[in-house]
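K.L.:
Mind assembling these two chains? They're in different frames, but the hints should get you there.
As they're listed, the protein sequences go chains P and W.
When the count follows the numbering used here, it moves up by one through the first sequence with no breaks and lands on 250 for the last residue.
When the count follows the numbering used here, it moves up by one through the second sequence with no breaks and lands on 1212 for the last residue.
Just so you know, the hints here were simulated from the structure itself, not pulled from any lab data.
Wrong hints could be hidden among the right ones.
[Unchecked claim] Cβ-to-Cβ under 8 Å is the rule here; a few derived chain P residues that face chain W: (1) V48; (2) R77; (3) G86; (4) M105.
[Claimed, not checked] Chain W residues, not near chain P, derived (Cβ > 10 Å throughout): (5) A1013; (6) D1047; (7) A1137; (8) K1141; (9) Y1176; (10) K1190.
Here a beta-carbon is modelled for each residue, glycine too, at the ideal position from N, C-alpha and C.
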Amino acid sequence: MIEVDNISKQFGDKKVLEDVSCVFEQGKINLIIGGSGQGKTVLMKCVVGLFEVDKGRVLYDGRNFSEMSFGERKPIRQEIGMLFQGGALFDSLTVEQNVTFPLSMFTNMSVAEKRDRANFCLQRVNLENVNKLLPSAISGGMKKRVAIARAIAMNPKYLFCDEPNSGLDPKTSILIDELIKEITEEYNITTIINTHDMNTVMSIGEKIIFIYKGKKYWEGSNNDIMQSQNKELNDFVFASRWMKAVKQHF
Amino acid sequence: MVNLGIGSLWLVALTSAFMGAVITIQSAYNLVNPMVPLWAVGIVARDSIIIEFSPTIIMLVLAGKVGSNIASEIGTMRVTEQIDALEIMGINSSGYLVLPKIIAAIIICPVVVIVSMIIGITGGWIAGDLSGVVPSADYLKGLQNQFLPFNVTFAMIKTVVFAFIITSVPAYHGYYTNGGALEVGQSSTKGVVNSSILILIFDYILTQLILA
Ligand SMILES: Nc1ncnc2c1ncn2[C@@H]1O[C@H](COP(=O)(O)OP(=O)(O)OP(=O)(O)O)[C@@H](O)[C@H]1O
Ligand SMILES: [Mg+2]
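Same shape as in the complex, but just chain W (with noise of 0.2 Å):
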């Protein structure tokens, strides 16, 4: 799992990177407005990159790779009889095997979506002074603009609950997997659409009833 977060880290900063320009640009792009500054740009990339893009888009990302790898690491496990061989020596294969993918999802994951944060971040900087969009300064000021620390806080709790998602219900289709090779590419297809589409889930779930 922790090889799995820095395995990932690739991904996750080449994603936020362009994940920020993006945001940054086009917000510049939809503010024609001259009653409202430049600066404001840098709150609401800023804004979108913490409260949304970060750990909705990041762990949906994840739930790509790190998905993929638990359902099918634990179905293969479960077809060559290696779950079988755990419960002959009266081990509690479920337990052994899901519960420390879970927990250290849950810490490495608030990790990796910090990183993402200031990557995006960053990314968004220097697109909008790249392109002459946004400026620098105005940039950094919208940066440093009504800052609610609230909103890192939201972050971190949708990040566990994705976390929780993302190695749960891969490890239950990789558990529960009847059959052979095939069987295995079908239940770590099962793990990662099911994830996602949780996670789409209760990102709408949380979002309604912690900012609503």
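Chain P on its own, in the form it takes in the complex (with noise of 0.2 Å):
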């Protein structure tokens, strides 16, 4: 479980967050969503400690992160595992290396297990024969399910997702929800994504923080979202004719 406690983040002048508290459970999907530039992008980033907050504080499972030294926040980095927005691979690396970068740095594992660690993981997210490929050379779907198999290399008890399936098609897309979702209910794992992907929330949002301008709007679950009567939360979710269609006949 995370606790994000009254969190606030400006850059210069401009206040991107003010004061968004929530929590994040284990064994669940937790999302975050709102429309572009709204702040959900350096909220993450606040919580995994990318961004210094300038007030409030983030405890993971009660460890205050927020004032650890960066020493000290080296254990529970190794229990983070996150998927950037681009898949964030090391370009220079090949796909079984990207898995296998973090199990090089932070464990004594031989070759050998190094690389049945890695082609568990890329069998997981349905990835075959190309472990000596280089980023360059796959997919964008492919990127990002080598982006989640490095992710959850270290077997993490905590998972970010930004924007786990922008870009991708609509197929894809579910195929990468389902597979997240999966991977959190077998290892138990406390998951944060980002999202303006409607499908996503209504097809995994067990728990949804609605941020706009910079706080937090609204939260719930997929079921309560059709009830809302949060006015910005519903010009976000009902823009589209299609989800006011679907609204009209709840």
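P.N.:
What follows is the structure, given as structure tokens:
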């Protein structure tokens, strides 16, 4: 469980996050939703410590992450897997080396053990026979899957995904969503996903936080979202005619 | 970095050979005074190549090649969140990415500069002989005259300082890139321009400090 306690963040004079508090639960898919530029990525980066918060704190299962030094954070960092918006694979390393990279840095595994683990993780995301390819030689959807494989290589307790299905076709998006859901349940991970994909929200959103202009406007589950009277949330969710039609049938 | 050093060898060899040739012919052209023997050209060519041309010009050439490479590599890693991916794993990304490059440059560059000295001096010899401006025997006699080993030491000190500059400055600009592909290009340019300027400034400072 991750507790976000009243955090704020500004860049220069620009307030990007204001007094956001929320709880991300273990073994569940926690979604952060909101329009483009509303602060989802910044919130996620504050939680994982890529940005320092100006105010407030973040607790990882009770451990006050915000007060820790770089060195003190290391053990927690090794429990975190993160899937970046663009995949962020190391482009000079092969697919297999990308997946074994954290293992090489933090474990004493032998070469064979690392290869086995990489193959296991790659199979978990339905990738085979790509071990020796460079990231430039695989498709966008495959990159995302390799990035997931790298994120789960160390058996993370916390998994962060920044827009895991942006730029993917609907079918691949669904596969990725289902994959993340399965992994979350299988290993009882605290998973946090940034998204503005309503399909993801409706199909796997167990706990949803809606961010608008840097503030938390709403939270609930995918079942609550249809009944919500929150104006900003409704504007976001029912922006498309298709979703409006869905609401009328509800 | 090793690849960069080796990949630059052709460029370095070409630059050095022509540099040596031009210095030799120019020095001979300027030494019209009958009081100065022709073999003095050998001394002048040798010393200017060792003290100034090889370390400074070659490192400026490398600043262009190695510097833009490092700035764009690290800048790309920044804008594609690869640096964030390292940080999230708890790896000190600046140390992990930059330090090995600085160390490699400090080891490789002196080798490259020494190769350049040898090629430059040889280039001068061949050009002098082929053009008939400085006969082979005079040039070789000059080379062996009044040789100060300290000049080589001084050149190596300069090279190491410049090696540090051509890796750390572009790495800094790459690391603090903000934005996308356009900004990576700008970082790369800034890295090359600033490291070249710093090389020239430090060339002056070191010469003043050590030789004056
Ligand atoms: N490093 C930074 N420096 C200054 N401003 C920033 C920085 N990072 C983000 N911002 C600003 O913070 C705001 C929120 O950005 P953020 O990336 O969190 O949006 P987002 O909700 O993730 O949007 P998207 O769905 O498009 O990814 C934006 O207005 C952005 O300009
Ligand atoms: Mg974002």
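K.L.:
Return the numbers of the hints above that this structure violates; sort them in rising order.
P.N.:
none
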